Structure formats: structure tokens, C-alpha cells
Amino acid sequence: ELKVEQNPLFLSMQEGKNYTIYCNYSTTSDRLYWYRQDPGKSLESLFVLLSNGAVKQEGRLMASLDTKARLSTLHITAAVHDLSATYFCAVVSDKLIFGTGTRLQVFP
Amino acid sequence: DAGITQSPRYKITETGRQVTLMCHQTWSHSYMFWYRQDLGHGLRLIYYSAAADITDKGEVPDGYVVSRSKTENFPLTLESATRSQTSVYFCASSEGTVSYNEQFFGPGTRLTVL
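Chains A and B supply the protein sequences, listed in that same order.
In terms of the working numbering, the first sequence opens at residue 308 and continues consecutively.
In terms of the working numbering, the second sequence opens at residue 949 and continues consecutively.
The following block holds chain A by itself, in its conformation from the complex (with noise of 0.2 Å):
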């Protein structure tokens, strides 16, 4: 069975620094997918990363992806409080399987 894990929980960071969510997935794949959730809003697609080595990238925000090492990585670059949001991966096994997120929060 597939189990995805995120870390940290919980970050809390200051604006213009830099840091990595990190995705860990038991079984083999080489799907992935990265959504945001803001606070009582629905999940919106950030990044689909479909093969080993995959790297996308959208405003301060990079997703790669290394199947080998069942890893994913988002870098946040220089962290604006509009980033300030909940984080998932999903990872494919015959279905989409949820990490439990990373809550974001971004202080001046």
C-alpha cells in the first residue's frame, strides 16, 4: 500500500527566505501531483510532474521530482505572504494518494 508522507506539518517562515517541502512515497511511481489549498477554500493543481528528473517552476515556486529516491521536493524562493497556504502532494498509485500537507505561513 502506498503511503505519502510530507514534512514538515508546519512551517512558518519569513518573508524573502528560502526553504523546501518535501513529498517521501513508499512504492514505486512517477506521477506526481502538487496542489495549494488556501483556508476554507477548495485544492487548486499547482504542478503535474510525470517523469523522473521532472523540474517545474511557476513564480517562486519550483517542484522536481526523483523517482529513484520516491522524492519530491517544492522550493519556495524568497516567500511572499500571498504564498501563505496549505501544500499536498498526491502521488500516483492506481489512484491519487494524499500526503497530509504542509500548512504555510509567511510573516513579514
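Hints in this document: simulated from the structure, not taken from any laboratory.
Here the structure is a predicted model, which is why all the values come from computation and not from measurement.
Any given hint could be a false lead.
[What the hints assert, rightly or not] Simulated pairs of lysine to aspartate or glutamate, DMTMM-like, Cα-Cα distance not exceeding 20 Å:
hint : chain 1 : residue 1 : chain 2 : residue 2
1    : A       : Lys-324   : A       : Glu-365
2    : A       : Lys-402   : A       : Glu-308
3    : A       : Lys-402   : B       : Glu-1050
4    : A       : Lys-348   : B       : Asp-986
5    : A       : Lys-402   : B       : Asp-1001
6    : A       : Lys-402   : B       : Asp-1010
7    : A       : Lys-310   : B       : Glu-1050
[What the hints assert, rightly or not] Just the calculated beta-carbon pair ranges, DEER-fashion:
hint : chain 1 : residue 1 : chain 2 : residue 2 : range
8    : A       : Thr-335   : B       : Asp-1001  : 29 to 37 Å
9    : B       : Ala-999   : A       : Glu-322   : 44 to 52 Å
10   : B       : Tyr-958   : A       : Ser-352   : 46 to 54 Å
[Claimed, not checked] Computed list of chain B residues with no C-beta within reach of chain A, every gap over 10 Å:
hint : residue
11   : Glu-962
12   : Leu-993
13   : Asp-1001
14   : Thr-1030
15   : Glu-1043
16   : Ser-1047
Don't be surprised by glycine CBs; every beta carbon is placed ideally from N, CA and C.
Assemble chain B onto chain A, guided by the hints.
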């Protein structure tokens, strides 16, 4: 507007009552999903459907019933609501012929069972 909608957005009910949550999508996506979101658990799959009249259990199906008579609708029924079913419920859909394509989520229904 095209998209995926859920109704009601908020619902308060009592233990033992039947509740139906509605989900409607206008994309003609083949796959539709129901998740529940609880603190500390992320999203857990309740049921999913590959097409009209085809449904299958997810991770936490007990206490729930689904149907899909039309491609665009995927209602979720709690036959006899329990307090443990208090949660936020999200419907999602995806296109294509496999269950793991990118999913698009509805706005959610916050259900409270007293």
C-alpha cells in the same frame, strides 16, 4: 460557467438522518471522485466512478453510498449520518481513461453531524 460545483456548501444535520451531497461537472470528465478532508488525515478517497453506472470503493467507503446515472452528476449519500462523518467533503473530476490523471476539485461541502 463551466466547472465543478457542489451543493449544499454547508449542512448541519443530526445523527441518524440521511444526507445527500451533490456534485455536478460540466466538462464531461469520465472520472469523478469523493474525498473527505479531516485535520491530520489530508484527503481520503471515499468512492470514485470511472463512468456512468460504474463506481468503486476508495479508502473509507463505510457509511456512504454513491450513484452515477449521468456522467455529469455524482451524488454522495450518508444513509444514517454519524458524528464521525462530520468533515469537509470534496468532489473532484478528471478526464481521460485512467483514475490518476490531474483532478479538478469542487468548492467543498462542510458537513456537521450533531
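Evaluated hints:
no. : hint                                  : in the structure
1   : A:Lys-324 with A:Glu-365              : holds (17 Å)
2   : A:Lys-402 with A:Glu-308              : holds (11 Å)
3   : A:Lys-402 with B:Glu-1050             : holds (11 Å)
4   : A:Lys-348 with B:Asp-986              : holds (14 Å)
5   : A:Lys-402 with B:Asp-1001             : holds (19 Å)
6   : A:Lys-402 with B:Asp-1010             : holds (19 Å)
7   : A:Lys-310 with B:Glu-1050             : holds (19 Å)
8   : A:Thr-335 with B:Asp-1001: 29 to 37 Å : holds (32 Å)
9   : B:Ala-999 with A:Glu-322: 44 to 52 Å  : holds (47 Å)
10  : B:Tyr-958 with A:Ser-352: 46 to 54 Å  : violated (25 Å)
11  : Glu-962                               : holds (24 Å)
12  : Leu-993                               : violated (6 Å)
13  : Asp-1001                              : holds (19 Å)
14  : Thr-1030                              : holds (23 Å)
15  : Glu-1043                              : holds (13 Å)
16  : Ser-1047                              : violated (5 Å)
The structure fails hints 10, 12, 16 (numbered hints given earlier, in ascending order).
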